[in-house]
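2 protein chains.
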Amino acid sequence: MNAISIIPLPGIPQVHPGDDLTSFILAAIDRENVGVENGDVFVICQKVISKAEGAIIDLKTITPSPFSEQIAGLWEKDPRMVEVVLCESSRIVRMKNGVIITETKHGWVCANSGVDASNSYGDDIVIVLPKDPDASARRIRDEVKARRNATIAVIITDTFGRPWRDGLVEFTLGVAGIDPLLDLRGQSDLQGRELHHTVVAVADELAAAAGLLMEKDAAMPVVLIRGYRYAQVEGESKKLIRPAEADLFR
Amino acid sequence: MNAISIIPLPGIPQVHPGDDLTSFILAAIDRENVGVENGDVFVICQKVISKAEGAIIDLKTITPSPFSEQIAGLWEKDPRMVEVVLCESSRIVRMKNGVIITETKHGWVCANSGVDASNSYGDDIVIVLPKDPDASARRIRDEVKARRNATIAVIITDTFGRPWRDGLVEFTLGVAGIDPLLDLRGQSDLQGRELHHTVVAVADELAAAAGLLMEKDAAMPVVLIRGYRYAQVEGESKKLIRPAEADLFR
Numbered sequence: 056m057n058a059i060s061i062i063p064l065p066g067i068p069q070v071h072p073g074d075d076l077t078s079f080i081l082a083a084i085d086r087e088n089v090g091v092e093n094g095d096v097f098v099i100c101q102k103v104i105s106k107a108e109g110a111i112i113d114l115k116t117i118t119p120s121p122f123s124e125q126i127a128g129l130w131e132k133d134p135r136m137v138e139v140v141l142c143e144s145s146r147i148v149r150m151k152n153g154v155i156i157t158e159t160k161h162g163w164v165c166a167n168s169g170v171d172a173s174n175s176y177g178d179d180i181v182i183v184l185p186k187d188p189d190a191s192a193r194r195i196r197d198e199v200k201a202r203r204n205a206t207i208a209v210i211i212t213d214t215f216g217r218p219w220r221d222g223l224v225e226f227t228l229g230v231a232g233i234d235p236l237l238d239l240r241g242q243s244d245l246q247g248r249e250l251h252h253t254v255v256a257v258a259d260e261l262a263a264a265a266g267l268l269m270e271k272d273a274a275m276p277v278v279l280i281r282g283y284r285y286a287q288v289e290g291e292s293k294k295l296i297r298p299a300e301a302d303l304f305r
Numbered sequence: 056m057n058a059i060s061i062i063p064l065p066g067i068p069q070v071h072p073g074d075d076l077t078s079f080i081l082a083a084i085d086r087e088n089v090g091v092e093n094g095d096v097f098v099i100c101q102k103v104i105s106k107a108e109g110a111i112i113d114l115k116t117i118t119p120s121p122f123s124e125q126i127a128g129l130w131e132k133d134p135r136m137v138e139v140v141l142c143e144s145s146r147i148v149r150m151k152n153g154v155i156i157t158e159t160k161h162g163w164v165c166a167n168s169g170v171d172a173s174n175s176y177g178d179d180i181v182i183v184l185p186k187d188p189d190a191s192a193r194r195i196r197d198e199v200k201a202r203r204n205a206t207i208a209v210i211i212t213d214t215f216g217r218p219w220r221d222g223l224v225e226f227t228l229g230v231a232g233i234d235p236l237l238d239l240r241g242q243s244d245l246q247g248r249e250l251h252h253t254v255v256a257v258a259d260e261l262a263a264a265a266g267l268l269m270e271k272d273a274a275m276p277v278v279l280i281r282g283y284r285y286a287q288v289e290g291e292s293k294k295l296i297r298p299a300e301a302d303l304f305r
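Heads up: the protein sequence lines correspond to chains R and W, in order.
My numbering puts the first residue of the first sequence at 56, with every later residue one more than the last.
My numbering puts the first residue of the second sequence at 56, with every later residue one more than the last.
Mixed in with the good hints, there may be bad ones.
Identical chains blur together in the list; that is why a pair holds if it fits in one copy or across any two.
Stated by the list, open to error - Straight-line Cα separation of at most 25 Å, SDA-like style, residue types lysine to any residue; simulated pairs:
{"id": "1", "residue 1": "Lys-151", "residue 2": "Pro-68"}
{"id": "2", "residue 1": "Lys-271", "residue 2": "Ala-286"}
{"id": "3", "residue 1": "Lys-293", "residue 2": "Asn-152"}
{"id": "4", "residue 1": "Lys-271", "residue 2": "Thr-253"}
{"id": "5", "residue 1": "Lys-294", "residue 2": "Arg-149"}
For the record, the hints were derived by calculation from the structure and aren't laboratory data.
Take these sequences, add in the hints, and give me the full structure.
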């Protein structure tokens, strides 16, 4: 088994709606002189995907509902922000102490429906999650195939908190070219010693690994992982969503 | 910023109570010819720590309580196993559909108090979590310092499920030589463009990264991570436990 490399790709510029993100990533790879190899995994923070796709909302265009006004009043939040968070959700999982945990329309459970209010463009601009992160991942994978003739996987991530454990970690929102789950049930190890009984969320482990470089520097929204061996399949991120009937914490 | 390497350490033999695990790890490092460098992070699966420390229970010695008999009867479980799971816990978080989610005495929330019934030694032998994983981590760190004169960090991990998301991921149980949380609040990035507002659970990201190699092969309980830059501090894993008052899912 070979080592896995987590390779930083610095220097990706600010992304704006309509930008060709793939060309930014390939330019960063060229600057680092690491090339693109078959089997590489591009791990990409959702924020640059959302920006490139225009998944951006100007709060000045939002009229909050009376419910949003009421929630916002209780916790000194911006009622327009609350309105966006509710509109981006399919369900409220918890609402307490000013924290709103929702299930997004994709099925991810996270704070504030993943709506990001950090002032990238200005005080009233918020960034929402990409509409279809798997489609975004497939587009980038296909563009890399067309431009560099390499078969890669793409994982789109966001930074989430967790129940019970402090600190944020990078999680998967979208995939292309890799199965987000690795099913080891029934397999024995190389020595034939022990049976595995597990399904591993490898996409989330790849996301977390990339997070080691991403989170220290907001200017590094893309990380290259090389040397991780996986089956090349289409993949779909919704396999990572635990079915409601098997979930004790809905 | 440099690349991070996740280096496999194959060939670690079955571990038994009293074994010198550090010598097994150093022998694997020598076989791989990678040496030990200052700043290396050894990520070690709890199972080999528990085995070396004798954190092993023979179910033949367990007399289940009436409550354990009752729970076991409902779900066709071994009442002696249920008894061990309850004894290893400080609190039951959920008990439903035959799944028992507990809070361990350390404060970790996980299935079955982390008790592992895979038949490593025989049908009636179960492995429990190490009593004090930080102390276990410190011991290995100190032994590596004494034997190789290198200052490393140690992370002890276990494989847990998560609410809402399918698939298992490697999580931190114990640390030595590294702060499990990286506090970026108030920092700007290299370009001075954007403020971070996050505390990152870097120990869990390192654990997950190691999981990419560990989980595929039960014979690889130790993985070496090289090139991750962190502050050398004593560290304590309980910083990863979200305070009850900030936890919406207890």
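How the hints compare with the structure:
{"no.": "1", "hint": "Lys-151 / Pro-68", "result": "neither (37 Å within a copy, 49 Å between copies)"}
{"no.": "2", "hint": "Lys-271 / Ala-286", "result": "between (30 Å within a copy, 13 Å between copies)"}
{"no.": "3", "hint": "Lys-293 / Asn-152", "result": "between (30 Å within a copy, 23 Å between copies)"}
{"no.": "4", "hint": "Lys-271 / Thr-253", "result": "between (32 Å within a copy, 10 Å between copies)"}
{"no.": "5", "hint": "Lys-294 / Arg-149", "result": "both (23 Å within a copy, 24 Å between copies)"}
Comparing the model with each numbered hint stated earlier shows that hint 1 is the single one that does not hold.
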